[in-house]
Amino acid sequence: MTWFTRRLRRLAPQLAALAIILGIISLIAPGFLTISVQNGRLYGSLIDILVRAAPVALLTVGMTLVIATRGIDLSIGAVIAICGAVAATLITDGYPLPVVIAVSLGVGIVCGLWNGILVAVLDIQPIIATLILMVAGRGIAQLITEGVILTFNDDTFAALGSGALAGIPIPIYLWVGTALIIGLLMRRTALGFLIEATGINRRAASLAGVRARFLLFSAYAISGLCAAIAGMIVTADIRGADANNAGLWLELDAILAVVVGGTSLNGGRFSITASLIGALIIQSINTGILVSGFPPEFNLIIKAGIIIVVLTLQSPAIITLFGFIKASRRSDKLNHGTKEATR
Amino acid sequence: MIHARNLPFVTTLAIFIIAYGLCVLQFPNMLSTRVIGNLLTDNAFLGIAAVGMTFVILSGGIDLSVGSVIAFTSVFVAVMVGSFGVHPLTAFLAALVISTLFGCLMGAMIRYLMIPPFVVTLAGMFLARGAAYLVSTQSVPITHEFIDTMLGFYIRFPGGGRLTLLAMVMLIVFAVGIVVASRTRFGANVYAIGGNLQSAELMGVPVGATTIRIYALSGFLSGLAGIVYTLYTSSGYSLATVGVELDAIAAVVIGGTLLTGGVGLVAGTFIGILLQGLIQTYIVFDGTLSSWWTKIVIGILLFVFIVLQRTIIWYSDRRLAERQLKEV
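Keeping their order, the protein sequence lines are chains A and B. Mapping the first sequence onto our numbering, position 40 (from 1) lands on 40, and the numbers just tick up by one. Mapping the second sequence onto our numbering, position 318 (from 1) lands on 318, and the numbers just tick up by one.
In case anyone wonders, no lab produced these hints; they're calculated from the structure. Quick caveat: nothing in here was measured; it's all calculated off a predicted structure. Mixed in with the good hints, there may be bad ones.
[Claimed, not checked] Derived list of chain B stretches under chain A, where covered just means 3 residues or more per stretch with a C-beta under 8 Å from a C-beta of chain A: (1) 30-36; (2) 113-123; (3) 245-256; (4) 293-303.
[As the list claims (entries may be wrong)] Calculated Cβ distances over 10 Å to all of chain B for the following chain A residues: (5) R41; (6) P96; (7) A136; (8) G147; (9) A205; (10) L207; (11) K303.
A virtual CB, placed ideally from N, CA and C, is assigned to each residue, including glycine.
Isolated chain A, as found in the complex:
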């Protein structure tokens, strides 16, 4: 039971924020919370949030691990474009689906390993190391698609983005499944613990026998892998690879999701669940603004406003202030108590 309450306390701010945002939207837009079944598939705004959140949620899983190692991965938006382009090219060339998926995932891992080499072997600051692929990646994707938006007509591959299994859309299975596998891998083995150690102090961790270099490599590789899955979902959803716009700025949304989820950009303790709730918060804001009937011009400014409020409430300065107030109150009580006792 203590384990459960501790988890709940960790996730409480994020869950509260999500509940408040969903509550406000359902007040503005009646019918927001209704879920209906049509043609054997679930429909409704809530389902829509879960489906639309798939790319960001997948990126968030990888980004959480990278940020826990005290890194950051700016390249995943570009990796989405590259993997999407690879998948679309292979599909149009008539390769079977398993080959397409395997090659796309492989390309994502290679992109992640490239970042890993720069960060772990050459010791380059993560933000710059991944900037290289962020800048060059869309150019590479353009090279693969030869400068056009590559469209295809393959219903089995398109199902990855728009299909449904047992009434639940496939993208939901993909992101929940990936998050579960990676989450269990991190928390049921010592991997997550070792990644936290590396993030807090890489040198100390290395001296204590942690293979920090290997862990950095695997964090970036997982990030690349998640981006590859997201890339296939995005490509399958629009039945085409758009090298310029696929996954554009999604890395920023993923970073925000991790920060909103309460994982520090300085590395160390991480929670994939909290980050995923962060991703759902961001997607709820996006979908909520749409269904609330605000003019689309307001989208970004409302999103920015909410994010600034959340960030301010979570900022170290405010937390220190709260801690200070709490501590002074407790010492007041303590002083009071001793006075009573002496009397």
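Assemble the complex: chain A is given as a structure, and chain B must be docked to it using the hints.
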């Protein structure tokens, strides 16, 4: 003897001269003053924004809001002049005040709420872009006698090239930037904060005021870049200049400034801008290459310079260690 710290700058300069030489060998026309004049004009807004970015990066921070602030300024000016009939100078002044205050606010959040610059300016990027959408989602054309006279003002080079007003503004900003970075107390403070925040604070550098000023300067220069962009395209569009901050960061890094802060030159950023402009010009001259090669080449250049910087730091660290070992 070149100081190891200046080696990235010297390398950038050498690469630029060699690259330009190779381009001229292939296309002799690229030596004309016309090409040089156009190169300066086309990259004027990017150059101005990159000067602000240089100061931010020298202090160990980063500013992701640049492109959005440029877009906001251009839409704001276009709507003020086009729809409300305000005199361009008044509109410029208002835009600069807004963008500077915006920068101040981000600086204050970074300093007093202790949120990392990356996250604060990311939120700032969404906010500025959102504000631009609020002003107008259309592409707003801008026509005014005063703006026509401004655009008509240029110095003619021998050979037909023109040094336009926009290029002049960029050159002046670079000149002032170089002086401020190397010859003023503010510049010294920026280097000190970037070198080591804690040491700077203990030495009595006014960290709070300097941080706010750095982001205010970046906001101001982004606003100025926005005005130049408005004049350059004669319109304002809220979807324009997406990702300009990345080009600016790339120019700063290629120019030899360390992204960890504390080391770098404003003049290096100028060469970085020229190098990016040169790649684009070459692609235009060649005619068969697609524009996405620009991005790939910039990515390769970034990689080369980062590895070079890494090697220099590693080398100078080892020399320092050897010297200490000898003393022992």
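Problem - Violations among the numbered hints, reported as their numbers in ascending order - result: 1, 7, 8, 11
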